[in-house]
Amino acid sequence: KAAKADSTTVHEAAAPVDLTSLKRIKRELVAPPFVHEHEQIAPGGPRIVEFEMKIIEKEIEVDRGAYLQGMTFDGSIPGPMMVVHEGDYVELTLINPPENMLQHNIDFHAATGALGGGALTLVNPGEKTVLRFKATRPGTFVYHCAPGGPMIPWHVASGMAGTIMVLPREGLSDHNGDPVKYDRVYYIGENEFYIPKDENGDYIRYEDVGESYPDTLEVMNGLIPSHVVFNGKVGALTGENAMKAKQGEKVLFVHSQANRDTRPHLIGGHGDLVWEAGKFNNVPDRDLETWFIRGGSAGAALYEFLQPGVYAYVNHNLIEAVNLGATAHVVVEGE
Amino acid sequence: KAAKADSTTVHEAAAPVDLTSLKRIKRELVAPPFVHEHEQIAPGGPRIVEFEMKIIEKEIEVDRGAYLQGMTFDGSIPGPMMVVHEGDYVELTLINPPENMLQHNIDFHAATGALGGGALTLVNPGEKTVLRFKATRPGTFVYHCAPGGPMIPWHVASGMAGTIMVLPREGLSDHNGDPVKYDRVYYIGENEFYIPKDENGDYIRYEDVGESYPDTLEVMNGLIPSHVVFNGKVGALTGENAMKAKQGEKVLFVHSQANRDTRPHLIGGHGDLVWEAGKFNNVPDRDLETWFIRGGSAGAALYEFLQPGVYAYVNHNLIEAVNLGATAHVVVEGE
Amino acid sequence: KAAKADSTTVHEAAAPVDLTSLKRIKRELVAPPFVHEHEQIAPGGPRIVEFEMKIIEKEIEVDRGAYLQGMTFDGSIPGPMMVVHEGDYVELTLINPPENMLQHNIDFHAATGALGGGALTLVNPGEKTVLRFKATRPGTFVYHCAPGGPMIPWHVASGMAGTIMVLPREGLSDHNGDPVKYDRVYYIGENEFYIPKDENGDYIRYEDVGESYPDTLEVMNGLIPSHVVFNGKVGALTGENAMKAKQGEKVLFVHSQANRDTRPHLIGGHGDLVWEAGKFNNVPDRDLETWFIRGGSAGAALYEFLQPGVYAYVNHNLIEAVNLGATAHVVVEGE
Ligand SMILES: [Cu+2]
Ligand SMILES: [Cu+2]
Ligand SMILES: [Cu+2]
Ligand SMILES: [Cu+2]
Ligand SMILES: [Cu+2]
Ligand SMILES: [Cu+2]
Ligand code: NA
Ligand code: NA
Ligand code: NA
Ligand code: NA
Ligand code: NA
Ligand code: NA
Ligand SMILES: [Zn+2]
Ligand SMILES: [Zn+2]
Ligand SMILES: [Zn+2]
Ligand SMILES: [Zn+2]
Ligand SMILES: [Zn+2]
Ligand SMILES: [Zn+2]
Ligand SMILES: [Zn+2]
Ligand SMILES: [Zn+2]
Ligand SMILES: [Zn+2]
Chain A
1 KAAKADSTTV HEAAAPVDLT SLKRIKRELV APPFVHEHEQ IAPGGPRIVE FEMKIIEKEI
61 EVDRGAYLQG MTFDGSIPGP MMVVHEGDYV ELTLINPPEN MLQHNIDFHA ATGALGGGAL
121 TLVNPGEKTV LRFKATRPGT FVYHCAPGGP MIPWHVASGM AGTIMVLPRE GLSDHNGDPV
181 KYDRVYYIGE NEFYIPKDEN GDYIRYEDVG ESYPDTLEVM NGLIPSHVVF NGKVGALTGE
241 NAMKAKQGEK VLFVHSQANR DTRPHLIGGH GDLVWEAGKF NNVPDRDLET WFIRGGSAGA
301 ALYEFLQPGV YAYVNHNLIE AVNLGATAHV VVEGE
Chain B
1001 KAAKADSTTV HEAAAPVDLT SLKRIKRELV APPFVHEHEQ IAPGGPRIVE FEMKIIEKEI
1061 EVDRGAYLQG MTFDGSIPGP MMVVHEGDYV ELTLINPPEN MLQHNIDFHA ATGALGGGAL
1121 TLVNPGEKTV LRFKATRPGT FVYHCAPGGP MIPWHVASGM AGTIMVLPRE GLSDHNGDPV
1181 KYDRVYYIGE NEFYIPKDEN GDYIRYEDVG ESYPDTLEVM NGLIPSHVVF NGKVGALTGE
1241 NAMKAKQGEK VLFVHSQANR DTRPHLIGGH GDLVWEAGKF NNVPDRDLET WFIRGGSAGA
1301 ALYEFLQPGV YAYVNHNLIE AVNLGATAHV VVEGE
Chain C
2001 KAAKADSTTV HEAAAPVDLT SLKRIKRELV APPFVHEHEQ IAPGGPRIVE FEMKIIEKEI
2061 EVDRGAYLQG MTFDGSIPGP MMVVHEGDYV ELTLINPPEN MLQHNIDFHA ATGALGGGAL
2121 TLVNPGEKTV LRFKATRPGT FVYHCAPGGP MIPWHVASGM AGTIMVLPRE GLSDHNGDPV
2181 KYDRVYYIGE NEFYIPKDEN GDYIRYEDVG ESYPDTLEVM NGLIPSHVVF NGKVGALTGE
2241 NAMKAKQGEK VLFVHSQANR DTRPHLIGGH GDLVWEAGKF NNVPDRDLET WFIRGGSAGA
2301 ALYEFLQPGV YAYVNHNLIE AVNLGATAHV VVEGE
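Chains as they are written, first to last, in the numbering used here: chain A, 1 to 335; chain B, 1001 to 1335; chain C, 2001 to 2335.
No lab work stands behind these hints, which were simulated from the structure alone.
There may be inaccurate statements among the hints.
[What the hints assert, rightly or not] Using C-beta positions, here's what the derived DEER-type ranges look like:
#, chain 1, residue 1, chain 2, residue 2, range
1, B, Y1067, C, N2176, 29 to 37 Å
2, A, Q247, B, K1244, 25 to 33 Å
3, A, G65, C, D2208, 42 to 50 Å
4, A, N221, C, P2125, 30 to 38 Å
5, A, K197, B, G1177, 51 to 59 Å
6, A, G148, C, D2183, 56 to 64 Å
7, A, G171, C, N2176, 16 to 24 Å
8, B, Q1307, A, H175, 51 to 59 Å
9, A, K197, B, Q1307, 24 to 32 Å
10, C, G2201, B, E1207, 50 to 58 Å
In this text, all values refer to a predicted model and were calculated from it rather than measured experimentally.
All C-beta atoms in this analysis are idealised placements derived from N, C-alpha and C, irrespective of residue type, glycine included.
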């Protein structure tokens, strides 16, 4: 059994520095595809940006009759998106409530050293921990649970992954280096699930997360998922839950996949400016029909909606999009 | 049953504009890997470029003893490549002849709005439709059938995909922005098929396309294809059907995969200039050994053949290339 | 049976030229992840760089109880990394010793013409051959065995692949064109294996390489590997065999996968400069969390270690990393 974490100590990914002079701001995280309030251009010098997330283990019906023993950051799959600026400090309080069964932690791909924070944040049920790191590189970066050994892929494949966006202090810029602003941002977290079936081909529903492990492991190791979804379940971003935009708006779509490659595509639209690998120091690609998110990364695509209507946003492996679940809708209002 | 499409109306993907002053030109499509006649540098102002394609459902022997209930644009897998210039209008007449069994449509990744034209072009057997859209972005773009729901991946996996190349009006340019011309262009459409097997491991041959659906769907949903081919069947571009070139020629290879990632490689050659994501406003990569085509996209690679001989052009997953079928040959004449 | 190769003839991939005036240097290859001694900036004009590799067929325990009938260049999986400069000539003596059972050859993605040398180098057991080619393009390039037809994927999936790095004569340069030096270089060759199981789910151990072929072929054609490893076996680069570095050092990680896509990630670190497709004439990407190696290619990532500690270097499909084997460690010393 792991030692009780000291909930009042801040664990630093990298050498500690004196931060007493920095301003603090607390951000309230919101469930994806929405993103908490934030400025695109940093209003002044670096700050300490405080976030809090509660880990919640819960069963989720990811498709009709298909139940996942899910593990979540803050109750949603994917975990909420955080936004800070380059040079800011991220200070996350991570809570593992006593009703959970498992140890968890958090590895930020945006952090440097200490396994991205994973080495500092392992928390048992009933514990919490505080991690602070400096966001030194601008871009979209995955975070995920990585509690060691085979727990790592299992926790990620159970839903424990999200994204942090580290904006350049002056905001985004285009292929010419000219500033570019988004009118709206959506965060699409793609996950693949490996839900076991019984001998009749019916999905097995488990009593608890521990019971689900052995069968799930076997399916995972075959590398073929049963479901590929956006926002944690089939249809989470369609119908009443479709993303909304207005004609003429520039919408930034941040897309993460923490474990498996994917290829987003906006039917009827394009990627005007695409940071495929998600890092804003690189020149964005233009005009893309489809972009590629490397498994274990988050990318970003900006599109100005020229026409009103209903757009489908898909993983353009169309089997995965239509039959396994990776389809969202964007409803664009206009005259 | 869908309403009878009005075969005399032109459906516009985007708001209609007055085009009466534009010149028209009719292009006769040819079967891949060949490409219809075209200018690399646009001869004057924007034109309306007319194309016509007939949808043909037919059984195809994709490998010895392996039969696909195929669906095709204009009788070939992939569908023919179209070439226009940025600023031109594409005007496609799409015919679904009465002998077909299924509804079809066309979604152009090059078009803006209306699901890429998919929302405007659904045609029953015995109907035709006309779609017009402005080609506003330079690059190679997939088009494919997308008749709704699970029909989408099935029609694509049955062969209904092709490519349109939208050239910059001044032709292509290299990594320095200097103009570059190709001496020859080939279009390689890669498709993966999911042909079901019986309990003895023999491919099942179906009476008609409808009968093939349930088993095919099951194989598709497992995401592992039985065949990965260029130009619709194993060996379609080898032996007598090998592509030809001359030593010293610059050959543009356009490569599409509408559903699944692939990684073209020219054995003994390279990609001198590669637009991996296919969009000509981006700086091409140089010297590539292997390039990556995101599932649901088309890319382009230019190579000047320095040596005569027989080159193999493959998907460099070598199992897919050799055992599942994704191999072509280029015979290069020289002294 | 193939004709006896003339072991005294040098086979040229491309037209022969007079090379008598060039200096020669012999490089002793070393087993990966290490790389033979070399200069980053070329000391003078082009040279003929001599290498020698012996092909060794041998059984390898790739994980506890899982035996591969391996085929290797020089006894290691992957084969050793070669380093030359742009404009140098590579002169490889390739030996197929009499104790081997199979024909082999070598296809260099860095070479031009003659199937990358594959058409010139087929050697029977007991033969040797000499291949010479000019390294005309700077970058990291895969080499692999490609002895024809279904032997190609089988030999590659049995371990016969490595990398050559062709440095620009003036060494590497960053995104601004400024020179950049590495303090250390490691070569990580990723391979996936397809080891058959019996009806109890136990891995089958074969008497010899020939006996292993039919079952292995069947697993290969299903496209799902049993193992995904770095340096030839699970745990080859962890524990005592971890890669080493010092805080403040810039380490170049060259990563190849000759057959299947992968996505390297350094937990707790980043790619400061990444040549994803591996070709040094292209501008490197910055700040990457995860980079993508197209199956059939080699890429390179430079990272300056800012913090001491143990880093994990993984294929960020975490199932492949943790459960199938694709994990390495980097131990970084510092105060
Ligand atoms: Cu967890
Ligand atoms: Cu990770
Ligand atoms: Cu169709
Ligand atoms: Cu599409
Ligand atoms: Cu071999
Ligand atoms: Cu190769
Ligand atoms: Na919260
Ligand atoms: Na990037
Ligand atoms: Na036609
Ligand atoms: Na591009
Ligand atoms: Na040697
Ligand atoms: Na490159
Ligand atoms: Zn800020
Ligand atoms: Zn966890
Ligand atoms: Zn599409
Ligand atoms: Zn034109
Ligand atoms: Zn169709
Ligand atoms: Zn190759
Ligand atoms: Zn040299
Ligand atoms: Zn071999
Ligand atoms: Zn990670």
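Range hint 25 to 33 Å: satisfied by the CB atoms of Q247 (chain A) and K1244 (chain B)? violated, 49 Å
Taking 30 to 38 Å as the hint, is the beta-carbon distance of N221 (chain A) and P2125 (chain C) inside that range? holds, 37 Å
Note whether the CB distance of K197 (chain A) and G1177 (chain B) lies within 51 to 59 Å or breaks it. holds, 55 Å
Supplied distance hint 24 to 32 Å, evaluated on CB atoms of K197 (chain A) and Q1307 (chain B): violated, 53 Å
Determine whether the Cβ-Cβ distance between G171 (chain A) and N2176 (chain C) falls within the hinted range of 16 to 24 Å. Because 22 Å falls inside the window, the suggested range holds.
CB of G148 (chain A) to CB of D2183 (chain C), is that within 56 to 64 Å? violated, 30 Å
Taking 50 to 58 Å as the stated bounds, is the beta-carbon spacing between G2201 (chain C) and E1207 (chain B) within them? Violated: the Cβ-Cβ distance is about 38 Å, outside 50 to 58 Å.
That 29 to 37 Å hint for Y1067 (chain B) and N2176 (chain C) (C-beta), does it hold up? Roughly 57 Å apart at Cβ, these two residues miss the hinted range, so it is violated.
Verify the CB-CB distance for Q1307 (chain B) and H175 (chain A) against the hinted window 51 to 59 Å. Distance hint for Q1307 (chain B), H175 (chain A) is violated at roughly 36 Å.
Outcome for the supplied range 42 to 50 Å, where the beta carbon pair is G65 (chain A) and D2208 (chain C): Given range 42 to 50 Å: holds, Cβ gap about 49 Å.
Hint check: violations occur at hints 1, 2, 6, 8, 9, 10; the rest are consistent with the structure.
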